[in-house]
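*Asks:* Take a look at the letters that make up each chain.
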Amino acid sequence: MAQQISEAELVLMKIIWQNGGTALYAHIMEALEKDGNEWKNNTVLTLLSRLVEKKFLKVKKIGRRNEYVATVTQGDYQALQTHSFLDKVYGGNVKNLVSTLLRQDILSADELKEIEAFWRKENE
Amino acid sequence: MNEFMTLLLSLSISGTLLFLIILVLKRLCQNSFSRRWQYYIWLIVVLRLLIPFTWSPVNLRSLSAQIHTVAAVDEAAAQTNMPVAATAADTGQQQIPQTAGSPETTPADTAKRPQPALFLCLFFAWSVPALVLFVRKITIYQGFSRYIRAGNTEVSDIHMLNLLSDCEERLRIRTNVELYRNASVTSPMMTGFFRPGIILPVGVLDDQTLSCILMHELFHYKRRDMFYKWLVQLAICIHWFNPFVYWLEKEANRACELSCDEAVVAMLDDTARRKYGDTLISFLKSNSLCKSAPASITLTEGAAQIKERLGAIMNFRKKTKSVRVLTGASTLCILLTAALIPVYSVSASDAAKAAPVFMNEAPDSFRRPGNSLNNFRFDQYPDNASKNTDSVRYPEGADWDFNWDFDEGWEDKEDKGPWEQALLDAYAAYGVTFDGSSFYYRGELVYLFLDHRPDSSFYRMSVNAEGTVSIQIIRSAANEITGVAYMTPEEVNALMFGDDLPLIHTQEWDCSTLSAIEVRYKTDHISILPSPTDKVILKEYMTENQPDYYAGTQVQNGVLTICCGKRPANSYKSCIELYVPDNAPAYVQVETVSGAITADNYSGVLALSTTSGPVNICDSAIASSINSVSGEVTICDSAITGSIDTVSGRIELFPADMPGNLTVCSHSGKIEACLPASASYSLRAETASGRIRSDYFDIPPENQKAFSKVVGSSPEVSIALKTASGNIEIN
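Taken in sequence, the protein lines are chains S and V.
Residue numbering for the first sequence follows the numbering used here, starting at 1 and increasing by one per position.
Residue numbering for the second sequence follows the numbering used here, starting at 1 and increasing by one per position.
Take these hints with a grain of salt, some might be off.
[Claimed, not checked] Calculated cross-link-like contacts (lysine to aspartate or glutamate; reagent style EDC-like; alpha-carbon spacing at most 16 Å): (1) S/LYS40 / V/ASP166; (2) V/LYS275 / V/GLU262; (3) V/LYS670 / V/GLU686; (4) V/LYS250 / V/ASP166; (5) S/LYS40 / V/GLU686; (6) V/LYS573 / V/GLU544; (7) S/LYS40 / V/GLU169; (8) V/LYS535 / V/ASP548; (9) S/LYS54 / V/GLU686.
Source of the hints: derived by calculation from the structure; they are not laboratory data.
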C-alpha cells in the first residue's frame, strides 16, 4: 500500500477512526460541521471515493445509505507512515531520528527512559 | 451480402441528403435557432447514418411482392445499375437472359444469385478499412487517456473541490466528478464515460475563471458529449467512403462547443460573460505555447473557432417564443424527413432506386411509378434555375465582388468569360492570384483589391473581410498594367467608409471634468482624432438615420461611456469619429469585436482591445495598451510607449520615436519592426519556435531564437519583442 493519503482525506479518516472504524456519510458531515469545516457534499463524496479507490475504505450499503468502513486502523496507518518517513528522510536509520527528536526537545530524556523501561518490560 | 452493401449505400446517401438539407436550412436562418438545437440536429443525421429504419406510408416489401412479375424483368435491368460501374455492367448483361428465362424466381432469389464473389470483394473492400479505422480510433484514444492518466494528480485543495461541488449542484449533477491537475495538458478537458474527471492544466486560476471552466466541462458531461462524439466516430468508421461524414464531424464538433458555451453563458450575467470570453482567450494563448494537444473534449480548439465562440458569447440573447415555435416546427420537419428518406434495404428492386445517383446507364430502369429518387434527378430542374443562381453569384468568403465595366454597363455573360480570364492572367503575371472567389497577393488573402482606370472607373474591385492586405493594380496612361502596390490604411478607409456615409449625429462634452472615455462597439469603424476645439466630440456616420441607432452615452464619476446603438441586420454601414482635445486629462479606452480602430494625429493615452478588427495608429504620440486577438496592428510614424499584444494578429511597427519602454508580444502573429535609426534603445527579441531575421542588424545563427542589442549610447528605453511561433523581422 504505497498510496498516500492527502491532508483533506486524512481529516475524513480521522473522523472514521474516532467513530470506531465505521461511519455513515451523515455522521461524517456532522463531525465536519462541528470542527467548523465548510465542506460541500460533493467535495466530501469525492474525497471518500478517492479513499475507497486507494483501498483505505470500503463501502457497505445499508439500505440506501452508505457506510464507510476503514480497512486500516489508525495504528497501522501510523506505522506505515512512520516507515515511509523513516526511509525517506533518515534512510531507515532510527538512531538519527531519535537523536533529532532529542536534540529538538521533542522527546525529553525522561520520556526516553520511560520508553526504555517499557521496551525492557516487553522483552522480559 | 448484396442486400447489406445496398443497405449501407442507401444509409449513406439518405444521411448525406439529410445533412445537406439541414446545412442549407442552417445557412438560411443562421442565428435564429439556439446553438443547442444546432448541436442536436446533427444527432438526427448521425442516427440516420447508423440506424436502418424507415417509415413510409406504403410498405415497400408488400409493394414489391405485388408487382413481382413486373419486377422480375426490371430486376435484370437493375443489376446492371449496381454501383460498381464497369464490371457490373459487363456481367449484368449476361445475366439478363438467365433471369428472364426463369420468371418464377422470387425477387429475393435473383438478388442473391448474381455475382456473389463480386459482392464479397466489395464487402471486404468496405469492411477492412472500416474495421482498421475503428480499431485505430480506439487505440489512439486509449493511448491518449493512458498518457493523460499518468500525469494526473488529484486536486486536494478543499476550496477548489467546493467550487466544483457548487457547480455540480447548479447543474444538478449527481455523479461524483473527479478533479485533476495535469502538467501535460494546456487547456482544461473532460475525460471518462462513466467515471468522469475534469483535468485542469497547472497554473493559478481565480475563482470566477475556474467556475467558468468547471461549468463548461460539467455541461459536456451532463449532456453526455463523449457518447455523442463516439457515435459520430462510429458513423465515420462505417461510412468512411463518404466525404460528407468528415464534414459532419467538423460541424458537430463546432456545434458542440458553441452550444456548451451557450448553456454556460445562459447562466451568467454580463460581466461574467466577458470574463468567460477572457478565459477562452487566455487558454488560446497558452494552448500552443506547449505543443501537446491530442484530441479530446478540450476547452479551446483554435483561433478561428474561438473567434466564432466569442462572437456567440457577446451576441447571446434568450430566444423568443416565436423562435421557439419555429425551432419546434423545423425539428419536426427534419425528423419527418429523416424518417421518410427511404432506406432501400429489403429487395433488389429497391437497390435499383439507389443506383441512379451514381450511374447514367440504363436510365429507363428507374422511371418507374413510386420511385422517389426520380425527384432528385438533376435534368428535371427547370433550365432557368441554374441560370438564376449563376447571375447572382456571391462567391463564398467574398463579401461583395463587383465585376462590371462602367463604360459599357453590365456585360453580357456569354462574352465575359475570355475577357475576364485575360484580365486574371494579366494579374497573375504580377503575382496576384485568384482562386475563384478571392484574390491572393504574395500568399496573403487580399482584403481590398482594386484595379481602376486613370479616370477612376474600375475594371475590378473585390473585398474580402478575412483579407489581411489591400492592393491596387497600377496602370500606365495607356492602360497597361505596370505593377501592383499596397494600399495605405487611409486609402482603404477613404474607399471603404470614406465620404459616402453622411454625418447623422453629433454630440459634445466638456472634457475638463472627464477622467476617462470608454467606447464599446462591435463592428463599426472607430477613428480617434484630435479635437479642433477643447471639447470631446462624437460624430456618428451612418447610412440610415434612426434615433435608436445613435450611440448610448453616459457620464458617471467623470467617466464618459459610449456604447454602440442598435444595428439592423443587413446592408447598413456606420462608423464613428471621436475627437479628443490634445491636452485632455482623459484617457481613451476602446473595445470592439470586429470593427477597425484608427488613431490619426492624436496624442494621449489609449487602451484599445479588439477581437478581429485591425488597429492603425498614424502620426500620433501615444502611451498605449493594445490588445487584439486576430486583428492586425499597425503603428506608423508615431511615438509610442506601452504594450501591444496579439494572439494571431500581425504587428507592424514603424515608430517615429520611442519615448518610453515598449513591449510587443504576439502568439502566432508576425512582428515586423522598423525602428528609427536615430533613437537609442536596448532591444530584446525572443521567439519560442519562430525565427528572428533582420536586414539592419547582423544576427548570428545561434541567436535566431533570442537576440539582444543595445543601440546608441546610454539607452534609457527598452524595446521587447516576443512571439511564440510568429517570426520577428527587424529592419
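*Asks:* All the hints need checking, so say for each whether the structure fits it.
*Replies:* Do the hints match the structure? See the list:
At roughly 8 Å between alpha-carbon atoms, S/LYS40 and V/ASP166 fall within 16 Å of each other, so this suggested pair holds. Simply put, V/LYS275 and V/GLU262 have alpha-carbon atoms about 14 Å apart, close enough for the 16 Å limit, and the pair holds. Under the criterion of a C-alpha separation no larger than 16 Å, the hint pairing V/LYS670 with V/GLU686 is consistent with the structure, at around 12 Å. For the hint pairing V/LYS250 with V/ASP166, the CA-to-CA distance comes to about 33 Å; that exceeds 16 Å, so the pair is violated.
In summary, the hint linking S/LYS40 to V/GLU686 is not supported, as the alpha carbons are separated by about 46 Å, beyond the 16 Å threshold. About 8 Å separates the Cα atoms of V/LYS573 and V/GLU544, which keeps this hinted pair within 16 Å; it holds. Under the criterion of a C-alpha separation no larger than 16 Å, the hint pairing S/LYS40 with V/GLU169 is consistent with the structure, at around 10 Å. Taking the CA atoms of V/LYS535 and V/ASP548, the gap is near 24 Å; set against the 16 Å cutoff, the hint is violated.
Note on S/LYS54 and V/GLU686: the hinted pairing is violated, with a Cα-Cα distance of about 46 Å set against a maximum of 16 Å.
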